[in-house]
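Undergrad: Next come the chains, spelled out residue by residue.
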Amino acid sequence: MAVTVRTFASTGEAAAALSSDRGARYFGGGTLVMRALNEGDISISTIVRASDHALTRIDATGSRVTIGAGVTFARILAECGLSFLHAAARSIGGPAVRNMGTVGGNLFAATPYGDFTVALLALDAMVSVQGGLGSRDVPIEEFLQTRERQTGTLVLAVSFQKPASADAFRYRKIARIKPKGGAVITLAAHLPVSSGRIVGARIALGSMAPTQIRARAAERALEGRTLDGATISAAAAAAIEGTSPADNALASGWYRREIVGVHLRRLLSGQE
Amino acid sequence: MLELRKDIFADERDDNLKEIGKGTQRQDMLGHVTGTSTYFDDHKLQGMLHLKVVRSTHAHARLRRIDTSEAERAAGVRRIIRGSDVPRNLNTLLSLINFGKDDEPSLAVDKVRYKGEPIVAIVADSPREAYEAIAKVRIDYEPLSAVLDVEDALKPGAPVVNETYPKNAFIYHDIYDHQKLRFGDVERGLAAADHVLEQRYQMSPIEHAPTETNGSIAAPDTNGRYIVYTSTQALFFSLDTCAKILDVPSNTFHFIGGTVGGGFGGKVDTLTEPLSILGAMLTGRPVRYVFGREEEMQYGPPRGAERIYIKDGVMRDGRIVARKIRAYFDSGAYTRLSSYAAVKCAAHLPGPYTIPNVYGDVYCVFTNRTPATAMRGFGVTAMDFAIECQMDKLAHLVGMDPMEFRILNAYRDGDMKAHRREAKNCALIECVQVAAEKAKWPIREDFKRASSRKEGGGSRAAIPPTPRDSYAPVATPSQQRTTYDRAPAASREPPPPPPPPPPRPQAPSHGAARFSSVFGTRRR
Amino acid sequence: MTRHRGRGIASINYPIGMNLGGDPSQALVHSNPSGKFTVALSSIDLGQGMKSVTRQICAETLGVPVEDVYVDTADSDTGPHCMGSFASRGTHRVGNAVMMAAREARGVMMEAAAEELEVNAADLETDGRGNIHVKGAPHRSISTKDVAIAAQFKQGKTISGRGIFLVPLSDVDPETGEMSPATCYAHACLVAEVEVDDETGEVAMVRMDSAYELGRALNPRLVEQQLVGGAWMGISHALYETPEPYYPDPSHGPRDFVEYLMPGPGDICPHDIAVLERPAADGPFGAKGPGEMCANPVLPAVANAIFNAVGVRIDELPITPEKVLRAIKAQGGARPQARR
Amino acid sequence: MAKTALQFRHNGRDVAIFVDGGTNLLVALRELIGDMTPKFGCGQGGCGACSVLIDGELHLSCLTLAETVAGRSVETLDGIKDGPSLHPLQRAFADNFAAQCGYCTPGILMAAKALLDRNPQPSRAEVVEAISGNICRCTGYEPIINAVLAAASVGRARA
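Residue numbers (my numbering), protein chains in the order written: chain B, 17 to 288; chain Y, 3 to 526; chain D, 9 to 348; chain P, 347 to 505.
Worth double-checking, as some hints may not be accurate.
Cut-off 16 Å, straight-line C-alpha distance, at most; resulting in silico cross-link-like pairs (EDC-like, lysine to aspartate or glutamate) [claimed, not checked]:
| id | chain 1 | residue 1 | chain 2 | residue 2 |
| --- | --- | --- | --- | --- |
| 1 | Y | Lys20 | D | Asp76 |
| 2 | Y | Lys20 | D | Glu133 |
| 3 | Y | Lys24 | Y | Asp44 |
| 4 | Y | Lys395 | D | Asp179 |
| 5 | Y | Lys46 | P | Glu377 |
| 6 | D | Lys337 | D | Glu207 |
| 7 | Y | Lys20 | D | Glu75 |
| 8 | Y | Lys24 | P | Asp441 |
| 9 | Y | Lys182 | D | Asp280 |
| 10 | B | Lys194 | D | Asp290 |
| 11 | Y | Lys182 | D | Glu210 |
| 12 | Y | Lys313 | D | Glu210 |
| 13 | Y | Lys20 | D | Glu210 |
| 14 | B | Lys194 | D | Glu210 |
| 15 | B | Lys194 | P | Glu472 |
| 16 | Y | Lys442 | D | Asp280 |
| 17 | Y | Lys138 | B | Asp57 |
| 18 | Y | Lys426 | D | Glu123 |
Now the in silico label distances, taken between C-beta atoms and shown as ranges [what the hints assert, rightly or not]:
| id | chain 1 | residue 1 | chain 2 | residue 2 | range |
| --- | --- | --- | --- | --- | --- |
| 19 | P | Phe364 | D | Gly164 | 55 to 65 Å |
| 20 | Y | Thr38 | D | Phe161 | 31 to 41 Å |
| 21 | D | Glu75 | Y | Glu200 | 52 to 62 Å |
Keep in mind that the hints were calculated from the coordinates and are not lab data. The model shown is predicted, which means the values in this text are computed figures rather than measured ones. Cβ atoms here follow ideal geometry from the backbone N, Cα and C, with glycine treated the same way.
Given the sequences, and given the hints that come with them, work out the whole structure.
TA: Here it is, written out as structure tokens:
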């Protein structure tokens, strides 16, 4: 049986089609769903698409940024107002994948993929999802924790507060292969500074747990302090707390635990 | 950057040539840059069907029941192929050169020996329909304990991976579970050495990862023949293998290939051709069987892992006086080509050095993993890694520069090699000298003046007295039959007790047994 | 300071052709009526340049320009038997078969030319530009095209040749391993320089310098392709590749090119290569085969360079950052060795 | 089996085909249009052998749902020659011996074209980035990088 492709003008109709059909999958950039089809995943019998322009909109004019779920990484790289996200966007795939892969799809990408989501987690993003009665916003942490159950969910957009300065947001993907490689670990740090002190630090890690997680102990070590050597060391030492990295083809859990602090220290201190 | 050092060995060459030595453009370059080079998959045939296989989900299991009834009724399915449909469902690749016993089915019948082993092939109108039918095949497995480590596999009581070789090791010369190399008295050499260093090395399996995956398209041709477009690295090898498995004369096939998207050794095993041809025979339609990337990576054969133990004796002045090596090739569940690599590996010992006492035992071991095959540097890459790491450690141990240490021990023209042939046309020393020069690595004048053409032979040309092994050979039947082939899995006789070992062949007076004695099943 | 540089070397040899011999290859060469030649093979071009190198061998042997030769590979109906493209046998075995076939075809061509020029064939030579002339008298000349036309339409001769090359199969002594595995060997020595991060165990390639001895570089550009690409594969084997990352535990096998690690274009390093040519007695124009051995010295050279950089020996491939880091931690930190 | 009609521009010519639901662009190009230049290497988005330009942007045809190119322009290696003359990139790849088995070459050429169309004078790092989604198992990448840089310098000389 061939796959049925259903394209809807509105996200509401698309969401309804998704929730009514267990074999339906939402088709964003194709990098996940098309791959699954190519590899013989017969659980997908319907592809749902939505042509709603809101899905591909970027609003980066104000202090709060909204990025439609269908926005590609190439679009983010072309957007000057989102330069703080360029490192994260550039770390996804090669140029072709960046022309195809979307912000919304990345939320569903399992390890070793999903690096952009690490950046979104550090930015405390809200994930806007289409419900039966319109859209609702879900904090990204909550979204990720319940991701297993979100397969039939249609994500509309993500939104977050723009970091105050270029230096306040940092991102690094540790990969074996350069320039395009799967993540050994991924780190993102949002370090808002108020009168010289860090207020509301958020550190997010990829490949350190079944989903992207926050390094809360490291955040606590930074909170209310200036970003000096001692603070950085304390945060680096705490990076491992609460993590449960697994073994995979790219590295072992042991190795990830060993290096997460090293890389957090280097990220916070601006070292290569 | 490539520099031709025409100054070295100039007296041995006639460089007065017209076409040879020129950097002429490749004949195939225009095709490559225009995308018009034709690979096997670039043939578009009318009404082509698609073949996919059902693969074992267990590393080692008995197949209690294979139920394809639902799959046969699935939409778009043209034919289900099972082991009983394969005319000769047991083969070993090197049977074409009479080396080894048939040990591998095209489709497993009563037992699977590695995760991913093909059990059923499905020929359908589209890949999607083939995948849907795969999901409808029911296989009842009785899991067996698996063995995955080469040394564990050789222990008494280890699960038997492949009944053709009940000791989990390929049998050499009908009598030994390893290939031997004996040259001089290694124990005496080790005893006399100033230092002895014993180390263990392990090479991982490696995937060939050609950008084009393994595959073939077979189609009925005129005159009852079949045309086969294939990615094979060895056209007639694949053709003859198919003729054997499908039990038809070789001129039944017209194989076309020759332009292949990378091979590196991974396209010798003829994995897709027998089934795509059989699919074409059974449906009368063109059939395409191409590996997906995950299949290529996990179930296409890798370069097998090797474990190597080296024990060296070295003198304070840097001369290596003894090298003893034990190496295990992880062949996976079937022989394929690993048995041959072990012989090549034994021949390679002790590396490009002249060492008066050399001892090697090289094993080809069966484990419950994807069968291994040839890869670039087959039989040698891992051994070179082990030997050259060992050389570095020995140089460090005696406090010598590693370049000079290699020049000191390098083989030279006229030296006797451990496989008892004279070294000729050597050039290791010159390579070391030039590499040192290029890397601005200082070596002493003496070593700069050394030459592969000097100081070899003489006493270094002698074959040293070599003690014979005292232990008894491994007893094994020369013609072990197995219970699979086309027989149904239902009733199983207990395997007969192995017949007594055959008498050891008498070595001819010249010291070398006929090569045929290597083979268990040489054709008469 | 967390990053340390080190250099390591390895030197190797490599047997050419299938071990023990017994692996024949055949070739057919024939001319069309315009004096252009076709070589029919069933040998495979995997990218190594089989078609191109045999084309040059044929042209040189015939004494015609390379443009006048076309190599057709891998059709079992038209190409005679070849064992296959593996074991570094292509250049050596197939090259010799092509040479033999081309020699026979050249013989007929020279006889046909002799008949046209009314001289003895032994007094003729080719100029490599498509002409045959009397030795010492270049004006007494005939083009290969005219020879082919004459042979075909006037003399009724076929300008063609058959070639086969076989290294006879060797015995193996079960007790001593006495055997003749190969008739010739290629050689190499390679120096690798690496940089090791002692906090993460990451190894970066800095540069390589090498010397490869190949008998003869029949086409230096093709040789360069093999050596550059092969050394890249050596780096890949040394530091990255495995379909079983936890071997012998088979879990977590990679399924795609993100999980199966190979160095990307950002991981490569400069590689300075010297090629030496000590002709093999039985190689076509002395050539051996560079295709396989090119990768082999890289693996141990990299391992030895890592020791030189941080003082740890990693004896298991691939040398992952994890293995390096574990070893550094086990010895209580990096111990850089004497800088070379 | 329901098929969907699909029209798009293929290398400057309008084409119309009928595709099954879920057909990817690689299959559509190869099996329905007959353009064999994009290659199947993985179907996973990892090798780049199937790379094509869609409205000038580099895409992986194996991960592109064929019907999403309706009304758009698809360019493959088959379309980059200028009549019988090779594109400067094709010439540079040949001159630099940047192909061995040739299987990755069509995809890498398209990735390189996507770069040079946008950035005619790239740095080495930009070339490396541009081909980073393409696997080559033969060359070690160095000749490919050199070829793209050489093609760019030809472009510079012309400008």
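Undergrad: Each hint should be assessed against the structure and marked as holding or not.
TA: Okay, the hints, checked on the actual structure:
1. Taking the CA atoms of Lys20 of chain Y and Asp76 of chain D, the gap is near 14 Å; set against the 16 Å cutoff, the hint holds.
2. Simply put, Lys20 of chain Y and Glu133 of chain D have alpha-carbon atoms about 13 Å apart, close enough for the 16 Å limit, and the pair holds.
3. In summary, the hint linking Lys24 of chain Y to Asp44 of chain Y is not supported, as the alpha carbons are separated by about 32 Å, beyond the 16 Å threshold.
4. In summary, the hint linking Lys395 of chain Y to Asp179 of chain D is not supported, as the alpha carbons are separated by about 35 Å, beyond the 16 Å threshold.
5. For the proposed pair Lys46 of chain Y and Glu377 of chain P, the alpha carbon gap of about 7 Å is at most 16 Å, so the pair holds.
6. With a C-alpha separation of about 9 Å, the suggested pairing of Lys337 of chain D with Glu207 of chain D holds against the 16 Å cut-off.
7. For a cut-off of 16 Å, the pair hint linking Lys20 of chain Y to Glu75 of chain D stands: about 13 Å separates their Cα positions.
8. Note on Lys24 of chain Y and Asp441 of chain P: the hinted pairing holds, with a Cα-Cα distance of about 14 Å set against a maximum of 16 Å.
9. Taking the CA atoms of Lys182 of chain Y and Asp280 of chain D, the gap is near 39 Å; set against the 16 Å cutoff, the hint is violated.
10. For the given pair, Lys194 of chain B sits about 44 Å from Asp290 of chain D by alpha-carbon distance, which is inconsistent with the 16 Å threshold.
11. Between Lys182 of chain Y and Glu210 of chain D the alpha-carbon distance is near 39 Å, which puts this suggested pair outside the 16 Å criterion.
12. The suggested pairing of Lys313 of chain Y with Glu210 of chain D is violated, with an alpha-carbon distance near 30 Å, which exceeds 16 Å.
13. Simply put, Lys20 of chain Y and Glu210 of chain D have alpha-carbon atoms about 48 Å apart, too far for the 16 Å limit, and the pair is violated.
14. Between Lys194 of chain B and Glu210 of chain D the CA atoms are separated by roughly 13 Å; this keeps the pair inside 16 Å, and the hint holds.
15. A hinted pair counts as satisfied when its Cα atoms are at most 16 Å apart, and Lys194 of chain B with Glu472 of chain P qualifies at roughly 13 Å.
16. Taken as a hint, the Lys442 of chain Y and Asp280 of chain D pair is honoured in the structure, with Cα atoms around 12 Å apart against an allowance of 16 Å.
17. In summary, the hint linking Lys138 of chain Y to Asp57 of chain B is supported, as the alpha carbons are separated by about 13 Å, within the 16 Å threshold.
18. For the hint pairing Lys426 of chain Y with Glu123 of chain D, the CA-to-CA distance comes to about 44 Å; that exceeds 16 Å, so the pair is violated.
19. Evaluation of the 55 to 65 Å hint for Phe364 of chain P and Gly164 of chain D yields a pass: the beta carbon distance comes to about 57 Å.
20. At about 34 Å, the CB distance of Thr38 of chain Y to Phe161 of chain D agrees with the hint of 31 to 41 Å.
21. A hinted range of 52 to 62 Å for the beta carbons of Glu75 of chain D and Glu200 of chain Y is consistent with their spacing of about 58 Å.
In summary, the structure is inconsistent with hints 3, 4, 9, 10, 11, 12, 13 and 18 from the numbered list given earlier, while agreeing with the others.
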